[in-house]
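Engineer: Each chain, written out:
There are 2 protein chains.
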Amino acid sequence: MSETTARRRARTGGGAARRAQRSAVSFETAQYITRNIPNFEVLTEEALEIIETNAETILEEIGVNFVNNPGALQRWRDAGADVQGERVHIPRGLARELCKTAPSSFTQHARNPERNVEIGGKSLVLAPVYGPPFVHDAKGGRRYATMEDFRNFVKLGYMSKWLHHSGGTVCEPTDVAVNKRHLDMLHAHMTLSDKPFMGSVTEPSRARDSVEMCEILFGKDFVRDHTVMTSLVNINSPMTFDDVMMGALEVYAENNQACIVSPFIVGGAMAPVSVAGTLTQVLAEVLAGVAYSQLVRKGAPVIMGAFVTSIDMNSGAPTFGTPEASQITYGAGQLARRLNLPYRSSGSFCGSKLPDAQAAYETANSLNMGLLSGVNFMLHACGWLEGGLVASYEKFVMDADQLGALHKFAAGIPMDTDAQAMDAIREVGPGGHYLGCAHTQSHFKSAFWRSDLFDYKPFETWAEEGSRDTMALASARVERLLADYQQPAMDPARAEALAGYVADKKASMPDALG
Amino acid sequence: MSETTARRRARTGGGAARRAQRSAVSFETAQYITRNIPNFEVLTEEALEIIETNAETILEEIGVNFVNNPGALQRWRDAGADVQGERVHIPRGLARELCKTAPSSFTQHARNPERNVEIGGKSLVLAPVYGPPFVHDAKGGRRYATMEDFRNFVKLGYMSKWLHHSGGTVCEPTDVAVNKRHLDMLHAHMTLSDKPFMGSVTEPSRARDSVEMCEILFGKDFVRDHTVMTSLVNINSPMTFDDVMMGALEVYAENNQACIVSPFIVGGAMAPVSVAGTLTQVLAEVLAGVAYSQLVRKGAPVIMGAFVTSIDMNSGAPTFGTPEASQITYGAGQLARRLNLPYRSSGSFCGSKLPDAQAAYETANSLNMGLLSGVNFMLHACGWLEGGLVASYEKFVMDADQLGALHKFAAGIPMDTDAQAMDAIREVGPGGHYLGCAHTQSHFKSAFWRSDLFDYKPFETWAEEGSRDTMALASARVERLLADYQQPAMDPARAEALAGYVADKKASMPDALG
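Order-wise, the sequence lines are chains A and B. If you use the working numbering, the first sequence closes out at 1120, no skipped numbers anywhere. If you use the working numbering, the second sequence closes out at 1120, no skipped numbers anywhere.
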């Protein structure tokens, strides 16, 4: 439904919203993951201390740049930093001290309270791909993303049992003017899904629009007291904090909304070509960014981000699912826990142009490291293709299926008497088989995770059905999901007000292209 | 070269072998992995103790069957077990005590000493797929494996930088009589590769043939004092030790050759439908099997195996790369270390019919758990397809490429001054870039692992080159490798003697079909 139609319907009594409410079915969404497993830690205590000492040296001696942002420089001066031009030298220990007021964990509220997520501690919240200007599907190949694609991905995310979060820019709707896009995107998240979502960061004014739309959706009082958005604030690595991203962070922090403060690093280009050096720079950047969020508002919820990967020195292309990316992700998790901050990293990262074996190896490597490194918020958990240039329909459902396996693994190993299964072993005995025994019969439905997508059939059946590969199976699944989609119910007055806000706001602006 | 040709050439002066020696080139093989990372441990001390206590209960109360093997029953009686018919009840603690004479680590020698591998401790040795009756390639699809396929896979294994071991039955050469196959297979490993290999286990007599061929290859004295084969002895789970497998184990243990004693379990069919129950049965079976190897010969080298996966309760098919398989693999690693035994598990496991995304997700999950669970010997590390029914040419090189990433990750994170890269961070500063800095220039070649197979090119280049997926890239690589293959040099007299042994042995036997 286009925003024009939505507005017209809203003005004629909210019929569409009421119809949606009547026909709404609820799709099952798993609770966010609570890890009952340890984290995998690669760095020794000594290594961690070296990195922490060096990060403080960067902050004090080299400093970081806050660009085009006199307000930020003043805040740093007031906090005791040595500001030279736009360069902020932060005395050893100050940034870490400032970070202490950030909460170690916070709740992000969804309009459906059952979909609220806890970010921090032992939790893992999964959100879809963010940012691609292109989409890819089996039938249409690779093409620029549109608002229709955006809505489709929001629908797929809403229908995925294993995604806890609707995400943000699931793809760039390039057919909508760049200064109006955020309104349509937020409107889609708010109306097509009832999961939590992210706000706009591409202009401070768009962050303010995001807050205002949330005030309509949740109520003004509720937004003042609760976190209802988690938004992505990238650092211009190395060590540069630009006014656009920091402006968005300031809006969100002032409104008690959450930000991911995230170095954006292709190792070898935006950080040293070594794991230890990259981790040091990541930590320095996060310390400066998170400390700044606390200068804006003490206690503002914030996540330590680390988008870090390696580079192919032959082609200059970023590479994904590599051993160095894993080492950095594990190491950054340890650093985040020592800062007592929620941690964002990992995702369905791959460099492949197709959702093929390369894509899946790289993605599985990334998802496994994400699970074991203690990530609390996993952006890009499904649908990422071609180094993030492309949101893939097929890969979205392929990855989302794998996220189910993360849930099961993270639950840990039950050790109660029933799980010990000694009665079953006694019943079956040497040479027997377990398929028919009482223990198996009472547990077979839930005992083992199974993919809802992969082919487990015998070769002959699979061949008779057309010898389909995973991409073909995923393509059929995408089609079925989009056909089955039903909008979650929303209070008609609220739906009307939201549509009205978007229409009015868009009418007040000329189209901008960049 | 058929064995008839080999024999003819051998009798006419070993010309083929001499030519091979003259033209031989050496392909680079990485040293087996020595882990400089911790193991990931999912079970608590309390959980481990429950499993160990229950496993002893199985051995004492339920017992295990040694079938058609009066000699084994006598050995158990002599050791103090309570033998009822073919059922052996092992008093609590006895099996664990007997296991103590097995070495915690041993060297398997290769005919090229540079290819020797250490199995146990922090090492990880990678060997290819074992056992498939079918092969698959992009051009010919799925078909019964032949001896030509077998030789091709040995060649691919020899040429892989990341495989340390030539393996055993890389596929079943179904065009050779079943009673003669082992001779051709061993001959291929011995002559087409110089990496260590596995012996035959399908009849005790074939294990003896394997030892005799090794005596020709290495010399009789050398074989008496050194381990030159590691062979796969599966247990008929639940808790059944058949005479064929135990007969092979007896031959190998008597000759101081290594065996993997391996429960073969699809959870829910051959073990309880729970992770804790399956781990308990795995431990009981391994305790009985390894203890038996030590009754045959104290100090015989032996590996704790665990081939364990889950079942799809809808279709009854085994499933791979699942969270339960990972939990079992991590848990079994902990149990192996408490037994002080080398550990075999994991591999390029998948259920897919094609080397597609399903295959790669499942395989990457399996390889990651293998690396982090402390596996010392990874059979099936590349080439496995369709639940092990198929050896895939393309997947062999795809998986083998990924094994390179395991090497890099396992090396750990360098923390020396150069790796800390503080000079690079000072040199570049905020807003700069690292591509041209001195530190990057001196490290860019080796800093980051890169795939030799995957596509890292820009979309446009990739599209111009035919938009190839990973299977197409792998197909081209297989073709190139087989065209480039060159046989490693071998002493002509030894080559002649080996060929003669095979020819004489085959001439002495009628063809058997099963």
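Be aware that one or more of the hints could be misleading.
Straight-line distance between alpha carbons at most 25 angstroms, and here's what the computed SDA-like set of lysine to any residue pairs gives [said to hold, decoys possible]:
1) B/K1051 / B/R1032
2) A/K745 / A/A1109
3) A/K745 / B/A1078
4) B/K767 / B/E724
5) B/K1014 / A/N645
6) B/K1014 / B/N722
7) A/K728 / B/K767
8) A/K706 / A/G737
9) B/K1051 / A/K1014
10) A/K1063 / B/Y750
11) B/K745 / A/G686
12) A/K1014 / B/G922
13) A/K1111 / A/R830
14) A/K1063 / B/G922
15) B/K728 / A/N645
16) B/K1063 / A/S921
17) A/K904 / A/H1049
18) B/K904 / B/N842
19) B/K767 / A/D918
20) B/K706 / B/E655
21) A/K1014 / A/A1069
22) B/K1112 / B/A1099
23) A/K1111 / A/P709
24) B/K1014 / A/E655
Hints are computed from structural coordinates only; laboratory data are not their basis.
Engineer: Hints first: check each against the structure and report whether it holds.
Structural biologist: Against the structure, the hints come out as follows:
1. B/K1051 / B/R1032: Distance of about 22 angstroms is within 25 angstroms: holds.
2. A/K745 / A/A1109: Roughly 33 angstroms between the alpha carbons, so the hint for A/K745 and A/A1109 is violated.
3. A/K745 / B/A1078: 20 angstroms, holds
4. B/K767 / B/E724: 17 angstroms, holds
5. B/K1014 / A/N645: 20 angstroms, holds
6. B/K1014 / B/N722: Within the cut-off at roughly 20 angstroms; holds.
7. A/K728 / B/K767: 40 angstroms, violated
8. A/K706 / A/G737: 31 angstroms, violated
9. B/K1051 / A/K1014: 40 angstroms, violated
10. A/K1063 / B/Y750: Holds: A/K1063 and B/Y750 sit about 20 angstroms apart, inside 25 angstroms.
11. B/K745 / A/G686: The given pair, whose Cα atoms are some 69 angstroms apart, is violated under the 25 angstroms limit.
12. A/K1014 / B/G922: 20 angstroms, holds
13. A/K1111 / A/R830: 22 angstroms, holds
14. A/K1063 / B/G922: Distance ~9 angstroms between A/K1063 and B/G922 Cα, so the pair holds.
15. B/K728 / A/N645: Given pair B/K728, A/N645 holds - Cα atoms ~20 angstroms apart, limit 25 angstroms.
16. B/K1063 / A/S921: 7 angstroms, holds
17. A/K904 / A/H1049: Judged against 25 angstroms, a Cα distance of about 50 angstroms means the pair is violated.
18. B/K904 / B/N842: 24 angstroms, holds
19. B/K767 / A/D918: 20 angstroms, holds
20. B/K706 / B/E655: 18 angstroms, holds
21. A/K1014 / A/A1069: 31 angstroms, violated
22. B/K1112 / B/A1099: Distance ~20 angstroms between B/K1112 and B/A1099 Cα, so the pair holds.
23. A/K1111 / A/P709: Roughly 34 angstroms separates the two Cα atoms, so the pair is violated.
24. B/K1014 / A/E655: Holds, because 23 angstroms separates the two Cα atoms, which is no more than 25 angstroms.
Hint compliance for this structure: hints 2, 7, 8, 9, 11, 17, 21, 23 are not met, and every other hint is.
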